[in-house]
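Heads up: the sequence lines are chains X and W, in that order. Quick note: the first sequence uses the numbering used here, first residue 1, plus one each step. Quick note: the second sequence uses the numbering used here, first residue 1, plus one each step.
Read the hints as simulated data drawn from the structure, not as lab findings. A few of these clues could be false.
Said to hold, decoys possible - Computed list of lysine to any residue pairs in SDA-like fashion (alpha-carbon distance at most 25 angstroms, straight line): (1) X/K262 x X/G163; (2) W/K123 x X/G125; (3) X/K25 x X/A6; (4) W/K123 x X/R133; (5) W/K25 x W/S41; (6) W/K123 x X/P137; (7) W/K240 x X/P191; (8) X/K123 x W/L144; (9) X/K262 x X/G213; (10) X/K262 x X/R133; (11) W/K435 x W/Q238; (12) X/K123 x W/L121; (13) X/K123 x W/R335; (14) X/K240 x X/R328; (15) X/K123 x W/Q238.
Unchecked claim - Here are the in silico distance ranges between beta carbons for each label pair: (16) W/W138 x X/A233: 44 to 50 angstroms; (17) W/Q238 x X/K240: 37 to 43 angstroms; (18) X/H134 x W/G475: 53 to 59 angstroms; (19) W/G213 x X/A103: 35 to 41 angstroms; (20) W/P104 x X/Q291: 37 to 43 angstroms; (21) X/A103 x W/G163: 51 to 57 angstroms; (22) W/D82 x X/A103: 49 to 55 angstroms; (23) X/A103 x W/E274: 33 to 39 angstroms; (24) X/R102 x W/Q291: 37 to 43 angstroms; (25) W/P68 x X/D122: 55 to 61 angstroms; (26) X/E268 x W/R453: 22 to 28 angstroms.
To be verified - Quick look at which bits of chain X chain W covers, simulated, 3 or more residues with Cβ under 8 angstroms: (27) 130 to 136; (28) 339 to 353.
Cβ atoms here follow ideal geometry from the backbone N, Cα and C, with glycine treated the same way.
Protein chains: 2
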Amino acid sequence: MKLYEALAEELADLMATGVLRPGEKLPSVRQQQERRGVSPSTVFQAYYQLEARGLIESRPRSGYYVAPRRVAAPEPEVSRPDAASTLVDVSELVFQVLEASRAPGNVPFGSAFPSPLLFPLDKLGRAVAASMRHIDPWSTVADLPPGNAELRRQIALRYQLDGVHVSPDDIVITNGALEALNLCLQAVARPGDTVLVESPSFYAALQALERIGLKAVEVATHPRDGIDLDALAVALAQHKPRACWLMTSFQNPLGSLMPPQKKQALVELLALHEVPLIEDDVYGELYFGAQRPALAKRFDSLGIVMHCSSFSKCLAPGFRVGWAAAGRFARQVERLKLTTSLAAAMPSQLALAQYLGQGGYERHLRQLRSALAGQQQRMLAAVAAHFPPGTRVTQPQGGYFLWVVLPEAVDALALHGQALAQGISIAPGPMFSAKRAFRNCIRLNYGHAWDARQEAAVATLGALARAACAAAEAGAVA
Amino acid sequence: MKLYEALAEELADLMATGVLRPGEKLPSVRQQQERRGVSPSTVFQAYYQLEARGLIESRPRSGYYVAPRRVAAPEPEVSRPDAASTLVDVSELVFQVLEASRAPGNVPFGSAFPSPLLFPLDKLGRAVAASMRHIDPWSTVADLPPGNAELRRQIALRYQLDGVHVSPDDIVITNGALEALNLCLQAVARPGDTVLVESPSFYAALQALERIGLKAVEVATHPRDGIDLDALAVALAQHKPRACWLMTSFQNPLGSLMPPQKKQALVELLALHEVPLIEDDVYGELYFGAQRPALAKRFDSLGIVMHCSSFSKCLAPGFRVGWAAAGRFARQVERLKLTTSLAAAMPSQLALAQYLGQGGYERHLRQLRSALAGQQQRMLAAVAAHFPPGTRVTQPQGGYFLWVVLPEAVDALALHGQALAQGISIAPGPMFSAKRAFRNCIRLNYGHAWDARQEAAVATLGALARAACAAAEAGAVA
Chain X
1 MKLYEALAEE LADLMATGVL RPGEKLPSVR QQQERRGVSP STVFQAYYQL
51 EARGLIESRP RSGYYVAPRR VAAPEPEVSR PDAASTLVDV SELVFQVLEA
101 SRAPGNVPFG SAFPSPLLFP LDKLGRAVAA SMRHIDPWST VADLPPGNAE
151 LRRQIALRYQ LDGVHVSPDD IVITNGALEA LNLCLQAVAR PGDTVLVESP
201 SFYAALQALE RIGLKAVEVA THPRDGIDLD ALAVALAQHK PRACWLMTSF
251 QNPLGSLMPP QKKQALVELL ALHEVPLIED DVYGELYFGA QRPALAKRFD
301 SLGIVMHCSS FSKCLAPGFR VGWAAAGRFA RQVERLKLTT SLAAAMPSQL
351 ALAQYLGQGG YERHLRQLRS ALAGQQQRML AAVAAHFPPG TRVTQPQGGY
401 FLWVVLPEAV DALALHGQAL AQGISIAPGP MFSAKRAFRN CIRLNYGHAW
451 DARQEAAVAT LGALARAACA AAEAGAVA
Chain W
1 MKLYEALAEE LADLMATGVL RPGEKLPSVR QQQERRGVSP STVFQAYYQL
51 EARGLIESRP RSGYYVAPRR VAAPEPEVSR PDAASTLVDV SELVFQVLEA
101 SRAPGNVPFG SAFPSPLLFP LDKLGRAVAA SMRHIDPWST VADLPPGNAE
151 LRRQIALRYQ LDGVHVSPDD IVITNGALEA LNLCLQAVAR PGDTVLVESP
201 SFYAALQALE RIGLKAVEVA THPRDGIDLD ALAVALAQHK PRACWLMTSF
251 QNPLGSLMPP QKKQALVELL ALHEVPLIED DVYGELYFGA QRPALAKRFD
301 SLGIVMHCSS FSKCLAPGFR VGWAAAGRFA RQVERLKLTT SLAAAMPSQL
351 ALAQYLGQGG YERHLRQLRS ALAGQQQRML AAVAAHFPPG TRVTQPQGGY
401 FLWVVLPEAV DALALHGQAL AQGISIAPGP MFSAKRAFRN CIRLNYGHAW
451 DARQEAAVAT LGALARAACA AAEAGAVA
């Protein structure tokens, strides 16, 4: 961690624990410099970062102040899914919603992606061009699975930074994380088998299960710290699943982050039951804190964790480069890749190997995290200001999704239709459940630059939700 | 067709029908010019093409002569597969062989690809660079299935040239043809279902069936004109398959080409039984004749033909851009693509759209076809010269594979091992059968520039095969 990041984190902690209170003036740059012995630029960078995260505000000719505590809505409760397994049938709804969200011109709160303007597309373009200039013709037919050697080396180096030992030979490059996850699933489960997922769970996981004919068991999940291990233990004993598919950091849609000790306990529990973990970690780099969250794979001594990630959400959307580090299942995943789609696209692989090798990725990530953290604060404040009383909302420590639990009177599918008519896309809760639960919940994307249009869109959503509450109340009275 | 191509084709016909005989002198350029009224350059180009195809030879200060009829081995007989269905289990063997074939330095007769030196990688590199310079950031998240609009338009234009009407909206871009074929299969078949394939059949088709838990029925296939329609009719009635997966032009490994009338009869037969055809057409552009072979899809009035192809074998290996034009199943294939690997890689799609738009593709294809045709002649002659008596071999009208049926005494798997020890890879016959049949057959790749090393490698293979025959004879005598 850099000096300024450490300083920012320290101050953020003071604010979180109430040592520094809303409206209070922060020590001046000169004070920090003299008392702490750090350079002015370190202090400035720390304060800029805190400002970008929405935690402090600068007042002209006065200094920096702790931002007023946004009147955030309270946190949602832990989910209570039905314990029975279900054959999944969520695709039709998901397709309808995705189709609607793609219409250009809509406010993209329902989108699955952050704004593409947040990514270094010009640098990536130059990396593609440079890598194609020096291409070895034979590499075009030799780069079969597991994939480009230099790219796998770069990915292995990043694992090393995260304290995980993964050999480049055990990394299989895939067409995005989605293919990696699908291959891992096929490596361990057969049609009719059961797989444990979070509740709510990422719809693509549900769709993958549906396509392969697998049964999903949704397990209670806390909106802040992830899947409930007690509930998981019960489900493991009861359902004898073939795998567990979890997003351990910044789960989609909850944004929940399992603390390191909980991840360790998770891996130990699964090892006990000999159930592999498919760790979907595509948001792991988008943390707002001082350090990348630990990977569950870090605690994996038996090779049962299949860690899957990609560059699609943090660097290069559209390049479709993901990977699986599938532990003891690496060879099976490699072979499945060969028979499913042969190899990943060579220009994308070469470009990312080139980009990662030349440096600048960390700087890009810092900017991206800071932008997302700031946008989260703005959206949280807007939701608190406009949504009806009784609304609950997550405050994730990373990623770009809020999970909003609305009063029971609000039907998310109806709200989706009404919002769309006003040019706003949202992701309604039933997308995230094999049983179409969460009918009063929505997922909102804060991955786009905050502006008046976004603020107005939240106000519109709030008004629609309030109207639904009022109509329900009138109905109850009459 | 260009004037010189028409002239070359006319002369090739005269040679094929015996009007022009081996060793006979061709009309001089001046004669052609005066009698036919064509320009000298047209005649030269026609003669150059015929020379590249190995059909004529130039003799210094004398002129062009019909090449001596290479003493080609006779054609193999039609396959007689077991009529029962089988659960497929061919992957292990295929992986062993592919792994061995990838070792650099080996003579790549076992390779699945033509030489990468035959492709315009420099132009493609510039196309990648140019397309990335003008990229619309929003396209990186909007180019979800069915894929880049301009690329789909270019592909639809090529269908139009082939007399097939396919709307760009019905084309789904995939990660190579293999993914397209897999998605088409999943759109129509469920685990336990039966699918009809050729015999011998492409091993990736067998692997795909194996992975999805489908049963394969291998149908008798003629090495020259493809699947036997009588045998197919019997299999359709007997097995009630969910799909038929065929390579209608230059089948891998046979190189067989179904004539247009036979393709039409095939589609009519399948329509009668309401069985969809998955038409794997990745070699269709690699024809040596005057015209692209008709597509079975051309005769498809009901939308039951799912035509799959790619640019991997004819333009851009490693770019992993293929597509499916899946007729009435197009929407299902599009959705399966979304849940399997989301989208195809954007840099690859943009580059190919750019390359196809700027022209030059046809010129590249003409050069590629001419190179492959010439290399085929050289390999056919080498096989005839070096392989043991009793050897049969196909003479495909396109593609880059020969199918060699050796005397019964030769075990292709043993030959594979012996050849590898001498730095030569081959593809043994059992790879191409769910039942590991064709144990005395091999597939040879002639997609690489012919040189003394290749000639010597064929001689080595011939010597190994002759030794196996001699050993068997000695054993029979003793």
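Hints and how they fare:
The hinted pair formed by X/K262 and X/G163 meets the criterion: a straight-line CA distance of about 17 angstroms does not exceed 25 angstroms. For the given pair, W/K123 sits about 16 angstroms from X/G125 by alpha-carbon distance, which is consistent with the 25 angstroms threshold. A distance of roughly 20 angstroms separates the Cα atoms of X/K25 and X/A6; the hinted pair therefore holds under the 25 angstroms criterion. With a C-alpha separation of about 10 angstroms, the suggested pair W/K123 and X/R133 falls inside the 25 angstroms cut-off, and the hint holds.
Taking the CA atoms of W/K25 and W/S41, the gap is about 19 angstroms. The hint holds against a cut of 25 angstroms. About 13 angstroms separates the Cα atoms of W/K123 and X/P137, which keeps this hinted pair within 25 angstroms; it holds. About 22 angstroms separates the Cα atoms of W/K240 and X/P191, which keeps this hinted pair within 25 angstroms; it holds. Restraint check for X/K123 and W/L144: satisfied, since their Cα atoms lie roughly 22 angstroms apart, inside the 25 angstroms limit.
Restraint check for X/K262 and X/G213: the C-alpha separation of about 30 angstroms exceeds 25 angstroms, so the hint is violated. For the hint pairing X/K262 with X/R133, the CA-to-CA distance comes to about 47 angstroms; that exceeds 25 angstroms, so the pair is violated. Taking the CA atoms of W/K435 and W/Q238, the gap is near 19 angstroms; set against the 25 angstroms cutoff, the hint holds. Between X/K123 and W/L121 the CA atoms are separated by roughly 22 angstroms; this keeps the pair inside 25 angstroms, and the hint holds.
Taking the CA atoms of X/K123 and W/R335, the gap is near 32 angstroms; set against the 25 angstroms cutoff, the hint is violated. At most 25 angstroms may separate the alpha-carbon atoms for a hinted pair to count; X/K240 and X/R328 meet this at roughly 20 angstroms. Note on X/K123 and W/Q238: the hinted pairing is violated, with a Cα-Cα distance of about 59 angstroms set against a maximum of 25 angstroms. A C-beta distance of roughly 45 angstroms is found between W/W138 and X/A233, which places it inside the suggested range of 44 to 50 angstroms.
Separated by about 39 angstroms at the C-beta atoms, W/Q238 and X/K240 satisfy the suggested range of 37 to 43 angstroms. Separation of X/H134 from W/G475 is about 55 angstroms and conforms to the stated range, judged on CB atoms against 53 to 59 angstroms. Distance hint for W/G213 and X/A103: a CB-CB separation of about 38 angstroms, consistent with the stated range 35 to 41 angstroms. Roughly 42 angstroms separates the CB atoms of W/P104 and X/Q291, a value that falls within the hinted 37 to 43 angstroms.
A C-beta distance of roughly 35 angstroms is found between X/A103 and W/G163, which places it outside the suggested range of 51 to 57 angstroms. Distance hint check: the CB atoms of W/D82 and X/A103 are about 54 angstroms apart, consistent with the given range 49 to 55 angstroms. Between X/A103 and W/E274 the Cβ separation comes to about 37 angstroms, which falls inside the hinted range of 33 to 39 angstroms. At roughly 40 angstroms, the beta-carbon separation of X/R102 and W/Q291 lies within the given 37 to 43 angstroms, and the hint holds.
For W/P68 paired with X/D122, a C-beta distance near 60 angstroms keeps the hint of 55 to 61 angstroms intact. Taken as a hint, the range 22 to 28 angstroms is violated for the pair X/E268 and W/R453, whose Cβ atoms sit roughly 57 angstroms apart. Using a Cβ-Cβ cut-off of 8 angstroms, 3 residues of the segment 130 to 136 of chain X lie near chain W, which meets the minimum of three, so the contact claim holds. Against chain W, the segment 339 to 353 of chain X contributes 11 residues with a C-beta closer than 8 angstroms to a partner C-beta. That satisfies the three-residue criterion, and the hint holds.
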